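Input sequences plus hints: build the corresponding full structure.
Read off the chains here:
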Amino acid sequence: MTNLLEVRNLSKQFKSPGGPFRKARAMHAVNDVSFDLPKGRVVGVVGESGCGKSTLARLILRLIEPTDGTLRFDGEDLRAKSPAQMRKLRANMQMVFQDPYSAIDPRYTISRAVMEPFVVQDRKPASKPEEEVAALLRMVGLDPGLASSFPHQISGGQKQRVGIARALALRPQLLVLDEPTASLDVSVQAQIISLLEQLRDDLGLTYLFISHDLSLVRYFCDEILVMYLGRVVEALPDTDLPARHPYTATLMDSTFAPDPKLRRIITPLEGEVPSPFDLPPGCAFADRCPRAAAICRTETPVLSSDGGHAVACHNPI
Amino acid sequence: MSSMTGIAARWMAGYRGTPVSRAFGSWLGKIAGGFLVLLVLTAIFAPWITPFDYAAQDLTNGNAPPGWPHLLGTDQFGRDVLSRVIYGARTSLSVSATAIAISITAGMTLGAAAGYFGGFFERAVMTVVDLTWSFPDILIALIFVAIIGPGLTSTTFAIAIAYLAQFTRLTRAQIVRLKRETFIEATINLGAKPHHILLKHLLPNAIAPVIVVGMLAIGDGIVLEATLGFFGLGAQPPTPSWGAMMSSGTAQLFLSPWVIIFPGVVVAVTVIAVNLFGDELIRALDIRDRIRGS
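Order-wise, the sequence lines are chains A and B. Note that full-length UniProt numbering has the first sequence beginning at 1, numbered continuously upward. Note that full-length UniProt numbering has the second sequence beginning at 1, numbered continuously upward.
Simulated from the structure, these hints should not be mistaken for lab results. Keep in mind that this is a model prediction, so the values were computed, not measured. Treat each hint with caution, since some may be false.
[Stated by the list, open to error] With a cut-off of at most 35 Å between alpha-carbon atoms, the simulated DSBU-like pairs for lysine-lysine come out as follows: (1) K193/B with K88/A; (2) K193/B with K81/A; (3) K15/A with K30/B; (4) K23/A with K179/B; (5) K200/B with K124/A; (6) K193/B with K124/A.
[What the hints assert, rightly or not] Residues of chain A clear of chain B, computed beta-carbon distances all greater than 10 Å: (7) S16; (8) D32; (9) E48; (10) M95; (11) K124; (12) G163; (13) D185; (14) S215; (15) D238; (16) D240; (17) P258; (18) D259; (19) T300.
Ideal placement from N, C-alpha and C gives every residue a C-beta, glycine not left out.
Written as structure tokens, this is what we have:
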């Protein structure tokens, strides 16, 4: 299986410049992240708020310029591309955003929003514009009669479908889904997820699925990356594998089972996430980890693989 | 079905028709807007509706009180006050509207560029623009009079510069706010060039408050034009201007008060109408917080 996307040692630091009254600080949003995204697979990235998931998505699409690392998309070095080349390539790599409510220009009709990708890329759609709009809307399960509506006239779930239609208009290979269901009702979430599954099968898409919802990721994805404070702490090649990193284990423990007979007491994590401005030496999770040893506070664990299942821990389960 | 609910929601919120037709919806909007439409029509058709030539002197009939045939009386040279007030509307409206148009064009360009590019460029532009705000309007006008002499050109540029900062700041604030919206990031991710982002997304979303503030500024511009005319820095004789007419009327304030009263009343009523209609527009567009925010 060929890799559509190869990410190597990707890092991003946000620097706040110093002044006469404050020190210059650097925030390590994403730290030394490497992974492969094979064609046709769905890789999920999970982690709590502020762990760098969304930054990772934007780094991969070069919406934010990485500080370090390499990105290879379909064999090409993305970071070596000029802005003009990058603009052309964007047609192949699209994104669905977390907030559908502000993802469409409020002054654009749905049909204008869906046709914008063609305008921007200076391409002619395969069929007549009205037919193309109708086909795209039907593809994401919307009534083509909505084409002349404005965003404020449709619901959040419908807006998210428009966002997906816009992203798919140019038939990209890669779709980055940045918490596409996080701001929708549970019933609508399920509809969007099943739409995404169906589109993947129909169009042969590759997904990078970003979410804080581990049970959703386990259901939807083929592989899982678990992030904690900007680092990948565990890479599960199969969603059924048991967690080896204590953090992943806690995340999995905190998901609810629908069966009331499986009720159990969840032990919450002690302590707080360290500040990304001021990372502790050693493992960032050490202060909250029930299995922490002396080495965890001095040496940063490296992601080491054991038959595809990689974990960054000195003392894995 | 779903588009029905959307339309129903807008109907319930009173959002029917265009913003301008909604501004005309209330009785205040009808009166203020009606007056302004009448004033603009009067100015446009001035040559056909004025009873006398605005510059024709009749020295034997100076300072005649309102009556027939001079409905609003005559000034010291026997010129018809009504005709001069009507032609004065042309001067006032065209000078003020031209000045504000220049101001909006320059202010939106500067503000959009500053807000979009940010960094050192933004700080440089905003510093210079804020500096112009610290000078009183009259002082700016005097500078122009000193450079190119008194007249309507000086007045126009003085008004344009006086309101430049307001439009630049307003546009910049809108652009900075809009730049953070997801739809901008989404459009960049489609591969859009900067000019597409700026012209097709940022500016169209920023324009509504600028238009309304521009409308209100036309009212202020009329006052400023009258002020400069009053001091003899604006329109030069025999061009009729409300400010210049009031200035010449001060000499005969007690002999023939109509010379100063009628242009004064017209200035006051016009400015009140502009402000009332501007308020109605703000309400109709629902952008009060965005205007206050700048």
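Here's how the hints hold up against the structure:
no., hint, result
1, K193/B with K88/A, "holds, 10 Å"
2, K193/B with K81/A, "holds, 15 Å"
3, K15/A with K30/B, "violated, 55 Å"
4, K23/A with K179/B, "holds, 28 Å"
5, K200/B with K124/A, "holds, 19 Å"
6, K193/B with K124/A, "holds, 18 Å"
7, S16, "holds, 15 Å"
8, D32, "holds, 25 Å"
9, E48, "holds, 22 Å"
10, M95, "violated, 5 Å"
11, K124, "holds, 16 Å"
12, G163, "violated, 7 Å"
13, D185, "holds, 15 Å"
14, S215, "holds, 26 Å"
15, D238, "holds, 31 Å"
16, D240, "holds, 33 Å"
17, P258, "holds, 31 Å"
18, D259, "holds, 36 Å"
19, T300, "holds, 32 Å"
Of the numbered hints stated above, those contradicted by the structure are hints 3, 10 and 12, listed in ascending order.
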